[in-house]
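With chain A held as given, fit chain B onto it using these hints.
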Amino acid sequence: MDNPVFQRIKDDVTENDVVLFMKGTPVFPQCGFSAAVVQVMSHLGVKFKGINVLEDPGLRQGIKDYSSWPTIPQLYVKGEFVGGCDIIREMFESGELQELLQTKGVEVRADA
Amino acid sequence: MPETAPRAPGQPAGRAGRIERTLREALAPQRLEIADDSHRHAGHAGARPEGETHFRVTIVAERFEGLSRVERQRLVNGLLSAEFESGLHALQLSTRTPAEAGPA
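Chains as they are written, first to last, in the numbering used here: chain A, 1 to 112; chain B, 1001 to 1104.
Just so you know, these hints were derived from the structure itself, not from any lab. Any given hint might turn out to be false.
[Claimed, not checked] If you want the footprint, here are the derived chain B segments under chain A, 3+ residues with CB under 8 Å: (1) 1065 to 1073; (2) 1077 to 1085; (3) 1091 to 1102.
[To be verified] Restraint ranges, calculated between C-beta atoms of paired labels, are given here: (4) B:H1039 <-> A:E107: 38 to 44 Å; (5) B:A1016 <-> A:Q102: 38 to 44 Å; (6) B:H1039 <-> A:D2: 37 to 43 Å; (7) A:L54 <-> B:R1040: 15 to 21 Å; (8) A:Q30 <-> B:L1079: 27 to 33 Å; (9) B:E1085 <-> A:A110: 44 to 50 Å; (10) B:G1087 <-> A:D56: 19 to 25 Å; (11) A:D11 <-> B:D1037: 33 to 39 Å; (12) B:S1081 <-> A:G45: 33 to 39 Å.
Computed from a prediction, not measured in an experiment: that's the story for all the values here. Every residue gets a Cβ at the ideal spot worked out from N, C-alpha and C, and that includes glycine.
Just chain A, with the same shape it has in the complex (with noise of 0.2 Å):
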């Protein structure tokens, strides 16, 4: 790990369980690609931990490299890349998000 941005993005995506890189924050979120995936998450009752890359340019930069991603929002579950809006919300839909989480431990509403 030559870049010391992933160092941090290791470690936020191994201690939460589920940590979404977004812009702006799940109360603010500025941007409407961010805010549609807080609200899948908040649908599933889902408790996360959202990252504002819109405070740090070099993490901006460094989620994108790290997840080889070109784009914000990215979603993290147990450390494990998911996807980003298109791919949530797609999965949101069919069920399969559901039961990614429940399938990796992650607490989801019963009735989301």
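For chain B alone, coordinates are given in the frame of chain A:
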């Protein structure tokens, strides 16, 4: 905002045209739709006065068979890396196989 230059029929201008050519060549898609949503994000961070920053692309291609959602999008993003490097800011993707998309 300057008007975009007139273009020859059947030849989409600028980034949309490049995206279309790149994806057609690499994926031989059965269906390919490209929408420029940049105007909907005008003034928002990442938007540029000249536009061409936010695109929505729907692809139906055999090439996606056997690939996960993440692998499909990585494939498309990789094909379009030059566009991301030159100001493409957001790319909404729908990537399905003909079987998943159902009859056209």
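Now for the hints, and whether the structure bears them out:
By the rule of at least three residues with a Cβ nearer than 8 Å to a Cβ of chain A, the coverage given for the stretch 1065 to 1073 of chain B holds, with 3 such residues. For the stretch 1077 to 1085 of chain B, the proposed coverage by chain A is satisfied: 3 residues have a C-beta within less than 8 Å of a C-beta in that chain, meeting the threshold of three. Restraint check on the stretch 1091 to 1102 of chain B versus chain A: 4 residues with Cβ-Cβ distances below 8 Å, three needed, restraint holds. Here the CB-CB span from H1039 of chain B to E107 of chain A is close to 41 Å, well matched to the stated 38 to 44 Å.
Evaluation of the 38 to 44 Å hint for A1016 of chain B and Q102 of chain A yields a pass: the beta carbon distance comes to about 40 Å. The supplied range of 37 to 43 Å is met by H1039 of chain B and D2 of chain A, whose beta-carbon atoms lie about 40 Å from each other. Checked against the given bound of 15 to 21 Å, the beta carbons of L54 of chain A and R1040 of chain B, roughly 20 Å apart, stay inside it. Taken as a hint, the range 27 to 33 Å holds for the pair Q30 of chain A and L1079 of chain B, whose Cβ atoms sit roughly 29 Å apart.
Between E1085 of chain B and A110 of chain A the CB atoms are about 45 Å apart, so this pair conforms to the stated range of 44 to 50 Å. Distance hint check: the CB atoms of G1087 of chain B and D56 of chain A are about 22 Å apart, consistent with the given range 19 to 25 Å. Taking 33 to 39 Å as the suggested C-beta distance range, the pair D11 of chain A and D1037 of chain B conforms, at roughly 35 Å. For the pair S1081 of chain B and G45 of chain A, the supplied restraint of 33 to 39 Å holds, since their beta-carbon distance comes to about 37 Å.
When held up to the earlier numbered hints, the structure conflicts with none and fits them all.
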